[in-house]
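So the sequence lines, in the order shown, correspond to chains Y and U.
The first sequence maps to residues 5 to 284 in this note's numbering.
The second sequence maps to residues 9 to 323 in this note's numbering.
These are calculated hints, taken from the structure and not from any lab test.
Just so you know, nobody snuck in bad clues.
In silico DMTMM-like links for lysine to aspartate or glutamate, alpha-carbon gap of 20 Å or less: (1) U:K263 with U:D279; (2) Y:K108 with Y:E178; (3) U:K33 with Y:E178; (4) Y:K108 with U:E34; (5) U:K33 with Y:E177; (6) Y:K140 with U:D69; (7) U:K33 with Y:D183; (8) Y:K181 with U:E35; (9) U:K229 with U:E218; (10) Y:K181 with U:E34; (11) U:K80 with U:D69; (12) U:K29 with Y:E178; (13) Y:K181 with U:E31; (14) U:K97 with U:D178; (15) Y:K108 with U:E31; (16) Y:K108 with U:E35.
Predicted model, so just to flag it, every value in this text is computed and none were measured.
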Amino acid sequence: MTTTNRGRLLLKNSLIYVLLAIGSLVMLVPFAWMLSTSLKESYQVFTWPPKWIPDPVKWSNYKTAFTSLPFGQWFNNTIIITVLSIIGAVVSCVIVSYGFARFKARGRSFLFILTLATMMLPDTVTMIPKFYMFTKFGWINTFYPLIVPLFFGKAYFVFLLRQFFMSIPADLEEAAKIDGASTFGILWRVILPLTVPAIVTITIFQFNDSWKDFMQPILYLSKPELYTLTLGINFFKSQNNVQWNYLMAASMVTMLPSLLFYFIGQKYFVESITLTGMKG
Amino acid sequence: MEKAANASEYTPVKTKRRLSKAERKEERTFYLLTGPWLIGLLIFFAVPMVASLWISLNQWDMLTPAKFVGFKNYNTAFNHDPLFWQSLKVTALYSVFSVPLGLIASLLLSLLLNQAVRGMRLFRTIFYLPAVVSGVSVMVLWMWIFNPQIGLLNTILGYFGIAGPGWIFDPHWALPSMVIMSLWSTVGGSVIIWLAGLKGIPPSLYEAAELDGAGGWQKFKNVTIPMLTPTIFFNLVMGVIGAMQTFGEAYVMTKGGPMNSTLFFNFYLFDHAFQNFRMGYASALAWVLFILILALTALVVKSSAAWVYYEGERN
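Excised from the complex, chain U in its bound form:
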């Protein structure tokens, strides 16, 4: 009896079971194999992340020693910098239009591309082409398309007797132009994900709906959409994270203009860091963006419980 009491008293101290020789060997192998990643995690993520947070509390031009200023950079951004708000507005407007429009356009397109008619492979390839070549070349191509005098868009509008706007050179049209370009170059990529989602819907669900007398629209509304919600969720999260970090479009096509109408947040940040060498301020902006992205993602993830349907999930 006394022995047993002793034993039970002893157990809590021995929180960690001693690993067997084989287990220890396995653990060594694990750390040996993942070693490169762990070093990378430290050098390219952990240290820069902490450093960036620290830099955001300083005034620093990278050449002279940093000066600690506390939360001054954040205060300046929120209270004394109209361009900070302008860049947030531009980025938010762009995300609000390009992401949902892209989702709707690519979903409709995928319904079309999901039809069983001859030659569909060719059409799918065509729609995917812009996504394949995206990047600076596509931006340069679109600068040419948006050319107000002799660009493709205004030429085609001209055939119908319409005088097109100045597109990226017009403060009212510059941001919509960016949205148009993003639709053209990204729908193909989302279509592939939609098609996979559509393929995953069991035909029996449609058959059951038909037995209940559902028409085309009702099948779409009550079977297709609910079954696609995980795909919608994925495309939405990735779309928002991507749109919030738009950079090249502003750098290559408009330099943030005209009249700051395309002053994307990341472009504004980059400009502060590498044109004005205000590293502290730029780091503060980066953290604002990071927190915004985290908050938005958390919001979408949290709301997903209410509208995303997972087939494998039990309530």
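Bound-form chain Y, shown alone:
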């Protein structure tokens, strides 16, 4: 390699790093600002020019945020809703999409197109009749409206899993069938072990949907003790004088599980988004 070439490469790489550093700053500074605010004394929040490093560092803000309002309760509520939603979505979508992927029947393609069509429908179209229906069921101020529908499958996941099942060769099942295994036996023992990546994917998706859901909790949960974290934070924010340090502390804690989930499932997360991006 000649000196000019090496020089050029060095220049190019430096430029790349400079651009990456600027971009990363843009992405990270808001989080740093959030963290910094969450650790300040109340009076320090409004001093100008602002101090980036709080002095003293008030870790107790986190405790205050969680004890002055029932954030612990809201955290639990969100976990209950999220976990049950994930179970509902995974169980139902695995069964339904297995049906779509492996069994021929009259009306199958029509039903499958219908499944895809429901993904186009804005939530607000069905919002009012569903609200009325759940009112009649006596489900207002219960978690049922947020959980039960997921036990009936979710179009997007059915689509994703079906694509995945189709890529699994049918030979394995034939062998199990000859050995006399039942449909559910085959699904449980032969198919499921091969489907783990897809199941992790929809688990992550459903986690995000439930954890961050806002419109449905607004509709169905009006008692403060039933609030989810998103409602709690919104409630916290709309109080007369917003205490930004506590609010930032509460938001930080709300974000943590998403981050944790992301780092655990990073490989699947990226893969799944890629998969849906390409096949959607």
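With chain Y's structure known, arrange chain U on it following the hints.
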């Protein structure tokens, strides 16, 4: 001969071949397995959809019996409700700016993140972080960033001696503020899809272009962009559908203000339904939105034949 004629006369009547026992069993299994979804389809989609269309033709507050009014709700929206047009305008402006800007920004970013330098995994993670945590917490964070007196943005502008605007509190800046926030929180997600698209471009195409003497820009224009059109298409459709349904930003950050400058369509609809209990009017709005989304998607899909290149496709 006569027998044959009889047979051919008979065939059309027997349109459906009788299924074998195994086939019938398979069909039963199919409906057994997809049963939950079919019930869900009926309860959570079909019935509410028909009901919603019916409600849109009525005046109804959910407490007293509905009153049939025909197309009055639609007429009111289009001819007597300036806020309906304002909310459409806000939503359209937001979509027109946030979707293309997001596409361009994330594409440029993905070209940068596609370079082979050390530590790229870390950088990709950093750029993806905002997308991971998005939601109400991010909106609350940005309310704090947009704070005109002591927020992050005006603090940084202050370092350079610039007096920043009132952001979400200024009618001229509120919607642009929303676009800025959406760029920060969504580019990371699109980047991942772009990167996958870039990975799918066969290196041989670039080699061939190089043999023809193509420079960096020409390779980008003549190889990268055409090969990425399916990804552009996907990101565009999903982006438009998502942007048209923006809700939380208005509900959490601005309540549609100041001076209705962030009156997003879905927020306006929600307000009618659950603040004013005008269920009929809100349902009519929902159908207008649905039809708009369908029309836009159809337009993008239709136009895609002219500009999306599928490698596997034969002409």
